[in-house]
Amino acid sequence: MFRPDSRQPSSGDLEAVLPAAKRALLEAQWPGVFRREILPMLWEAEADFADLYHPYLGAPNKPVAVLLGILILKEFHDYTDQETLDAVQFNMQWQYALQLGLSDSSLCQKTLHNFRNRVMKSQKHQRFFHRLTGRIIERFGLDTSRQRMDSTHVMGAMKQLTRLGLFVKTIEAFLFKLKRMSKRDEKVAAVLEQLPRKFHERYLEREGYFSDTRSSLASRRVDACAVDLWELIDRFRGDTRFCRLKQYRHMQRLFKEQCDLLPPPKADAPAPISVDSGEASSWSQAPSPKSEDTHPRPSDDPTAADSPETTRVAPQAEPSAAGEQAGEDRVDAQVALKAPEEIPATSLQSPSDPDATFGHKGKGYQLQLVETCVPTNPFQIITTTRLQGAHESDQKATIPLLETLSEEGHKPKEAFADANYISGENLIRAEAMGVDLKGPLPGSQPQPGKLTLADFTFTPSRQQVLSCPTGQAPLRHQPTRDRTGQSAYFDRTVCDGCPFANLCPTFVNQTQRRLTWTPAQVAIAYRRVEQETVAFKEDYKIRSGVEATISHEKNDQGLGKLRVRGRPAVELASTFKTLAINVRRAVKYALKTMKKAVQTHPQAPKELLAPLFRSKSALWGLLKGFLKRIWDSEAVQIEWITSKAS
10 MFRPDSRQPS SGDLEAVLPA AKRALLEAQW PGVFRREILP MLWEAEADFA DLYHPYLGAP
70 NKPVAVLLGI LILKEFHDYT DQETLDAVQF NMQWQYALQL GLSDSSLCQK TLHNFRNRVM
130 KSQKHQRFFH RLTGRIIERF GLDTSRQRMD STHVMGAMKQ LTRLGLFVKT IEAFLFKLKR
190 MSKRDEKVAA VLEQLPRKFH ERYLEREGYF SDTRSSLASR RVDACAVDLW ELIDRFRGDT
250 RFCRLKQYRH MQRLFKEQCD LLPPPKADAP APISVDSGEA SSWSQAPSPK SEDTHPRPSD
310 DPTAADSPET TRVAPQAEPS AAGEQAGEDR VDAQVALKAP EEIPATSLQS PSDPDATFGH
370 KGKGYQLQLV ETCVPTNPFQ IITTTRLQGA HESDQKATIP LLETLSEEGH KPKEAFADAN
430 YISGENLIRA EAMGVDLKGP LPGSQPQPGK LTLADFTFTP SRQQVLSCPT GQAPLRHQPT
490 RDRTGQSAYF DRTVCDGCPF ANLCPTFVNQ TQRRLTWTPA QVAIAYRRVE QETVAFKEDY
550 KIRSGVEATI SHEKNDQGLG KLRVRGRPAV ELASTFKTLA INVRRAVKYA LKTMKKAVQT
610 HPQAPKELLA PLFRSKSALW GLLKGFLKRI WDSEAVQIEW ITSKAS
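Heads up, the sequence shown is in our numbering, so the first residue is 10 and it goes up one at a time.
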């Protein structure tokens with residue numbers, strides 16, 4: 010049942026029970042700033058999470074503001090779940106920051122887990138990120154007119170597997186699932202017992218042994234694993250008890266992405282390579298020739314000697330334990346491994362994280378960050394994030410990031426990005442949104458000396474040419490056949506006498522010269538000229554500051570290697586880690602401001618003594634010290650007093 014936080018300190022709140030000296034220390038450090046500045050913002054966001062609970066049934070919930078604060082502080086310190094629970098229970102700083110009393114400073118692991126799962130499934134963390142970030146921007150008066158963007162590689166808690174390791178782990182995951190099911194179901198135990206002995210020896214009895222081999226033998230074992238994979242898929246194809254398992258679906262996906270099923274060979278064709286499951290000598294045969302493709306491919310073993318040619322292996326047919334076989338054609342079919350270049354970047358990288366993909370930075374995900382870069386800001390803040398697959402291009406994230414910022418009311422006037430974000434289409438769309446997208450273009454510069462579209466004068470919409478470099482206006486305009494661009498026609502009799510005729514990008518026909526372009530091509534031409542100017546280079550230097558933010562988040566906040574796996578969990582963790590950076594920067598600035606205020610305006614004597622007289626114990630201690638000092642002092646000389654009086 011949802012119940013908002015009362016916002017009133019409990020009777021056991023640390024503010025009421027702590028000595029004044031300790032309370033003053035907490036107020037002068039991050040717990041005091043978090044309690045005064047951030048906690049009220051969390052109270053305002055509680056209503057957004059009310060639909061995660063029943064309106065009137067069930068026990069009252071743990072205050073949502075407290076749970077959100079715990080998740081932020083967890084990433085603030087890069088703690089594990091257990092370290093977080095211990096901090097809530099025993100850390101006085103956490104208790105003071107979250108306004109927890111001694112009696113309610115406890116949290117169950119299940120409460121934290123369930124709340125996090127509800128937030129993850131409802132996707133409310135993105136809305137919460139923008140809400141809290143917007144409140145921080147408003148509270149500290151930050152300017153968002155200039156922002157910079159970049160991306161970084163993010164990997165969940167999954168093991169980096171070779172191609173052989175991927176096959177072995179996927180098969181092991183399915184067989185170990187059957188083994189766990191067999192402890193509760195005798196029928197499953199019988200099915201597992203009927204499996205050929207090779208499956209027990211390779212995958213069940215010694216976990217991971219089959220993928221632990223020399224690189225020279227890896228390609229042969231991948232062939233055998235491909236056969237084993239197809240046999241398991243074929244064996245359990247007709248039984249819904251097993252087909253619905255996610256481990257079985259992973260095997261189907263792996264086979265579809267990595268293997269081909271070939272028809273049986275003709276009678277006069279050479280016999281396919283047979284794989285013996287029991288003899289060690291079968292692994293000592295010469296490996297297949299090394300591929301000429303030296304580029305790493307998804308799920309490919311860089312040390313293995315896999316051949317780009319398809320390798321055909323004949324599966325060993327076994328009687329089905331899940332029903333009748335579909336026919337002799339399935340038993341006699343051949344399994345062929347695909348060449349590495351045929352495997353898509355979206356292929357399965359690990360059965361423990363099926364959402365991960367492959368990109369030039371590695372396996373996993375890619376996180377987009379946008380940060381303010383206004384020099385007059387007291388501190389910079391991350392305004393939005395976006396999680397992508399590792400295979401996705403930065404160019405596809407440029408406009409969605411700007412659209413998100415526009416929806417949240419933080420659209421920049423200038424956005425700085427590297428060459429991966431810049432394209433002619435993005436420049437046009439950003440300009441239509443009122444954003445000046447600044448960044449160098451990828452690719453090489455045009456041939457020096459040649460005229461380009463930048464030398465022509467266009468209308469603001471880039472749909473028509475006003476004049477050529479020598480001032481000649483076109484005779485007419487006409488859309489291209491595919492309607493994606495425009496063509497301008499010039500008088501050839503005038504153009505032939507032009508000194509730049511041989512350098513002009515126009516096409517010559519019998520009576521006219523034709524210039525064809527698209528608005529994106531014009532934007533690219535103008536940008537190539539602009540990016541060579543000194544003013545552009547000086548202005549663009551500010552973009553590199555986002556690299557420091559990414560380095561801090563990966564090295565200090567644990568973004569480089571997360572403790573979770575799966576895209577929803579990775580997105581939730583990366584969002585709260587980014588939000589923790591914003592909170593940390595706001596707290597750091599508030600503490601810095603407090604110290605400057607103390608140095609500029611020193612406390613009056615009564616302000617210094619006020620904490621002492623606010624506590625009876627402190628006052629009594631001061632009085633006892635004063636009386637002891639008098640008692641231990643030497644006797645007063647009467648003669649000295651008399652002489653002083655006279």
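These are calculated hints, taken from the structure and not from any lab test.
We put the CB at the ideal spot given by N, CA and C, even for glycine.
Check the hints yourself; a few may be wrong.
Label pairs and their computed distance ranges (CB to CB) [what the hints assert, rightly or not]: (1) S154 to T89: 53 to 61 Å; (2) S402 to T542: 25 to 33 Å; (3) A30 to K168: 44 to 52 Å; (4) P28 to Y88: 44 to 52 Å; (5) A30 to H86: 21 to 29 Å; (6) D269 to K168: 24 to 32 Å; (7) H86 to K168: 41 to 49 Å.
Dumping the calculated BS3-like pairs for lysine-lysine here, alpha-carbon to alpha-carbon at most 25 Å [unchecked claim]: (8) K563 to K597; (9) K207 to K178; (10) K550 to K420; (11) K265 to K168; (12) K420 to K546; (13) K186 to K255; (14) K405 to K550; (15) K570 to K130; (16) K178 to K265; (17) K422 to K546; (18) K563 to K405; (19) K405 to K207; (20) K265 to K255; (21) K133 to K71; (22) K546 to K563; (23) K570 to K370.
Original post:
Regarding D269 and K168, is the given constraint of 24 to 32 Å on their beta-carbon distance met?
Top reply: Between D269 and K168, where Cβ atoms are some 27 Å apart, the hint holds.
**OP:** Starting from K405, check that the Cα of K550 is at most 25 Å away, please.
**Re:** Distance of about 24 Å is within 25 Å: holds.
**OP:** Can you let me know if the beta-carbon spacing of S154 and T89 is within 53 to 61 Å?
**Re:** 39 Å, violated
**OP:** For the pair supplied as a hint, K178 and K265, confirm whether the alpha-carbon distance does not exceed 25 Å.
**Re:** Cα-Cα ~16 Å, so holds.
Original post:
Regarding H86 and K168, is the given constraint of 41 to 49 Å on their beta-carbon distance met?
Top reply: 26 Å, violated
**OP:** Look at the Cβ atoms of S402 and T542 and judge whether their distance stays inside 25 to 33 Å.
**Re:** 27 Å, holds
Original post:
Are the Cα atoms of K563 and K597 separated by 25 Å or less?
Top reply: Answer holds: K563 to K597 is near 19 Å, not above 25 Å.
Original post:
Taking only the CA atoms, is the gap from K546 to K563 under or equal to 25 Å?
Top reply: 28 Å, violated
**OP:** Assess, step by step, whether the Cα of K563 is no farther than 25 Å from the Cα of K405, and give holds or violated.
**Re:** OK: K563 and K405 at ~23 Å, within 25 Å.
Subject >> Straight-line alpha-carbon gap K550 to K420, limit 25 Å >> reply: 21 Å, holds
**OP:** Mind checking the hinted window 44 to 52 Å against the Cβ distance between P28 and Y88?
**Re:** The hinted range 44 to 52 Å is violated for P28 and Y88, with Cβ atoms some 28 Å apart.
Original post:
Straight-line Cα separation of K570 and K130 no greater than 25 Å?
Top reply: 22 Å, holds
The structure is inconsistent with the numbered hints 1, 4, 7, 19 and 22, although it conforms to all the rest.
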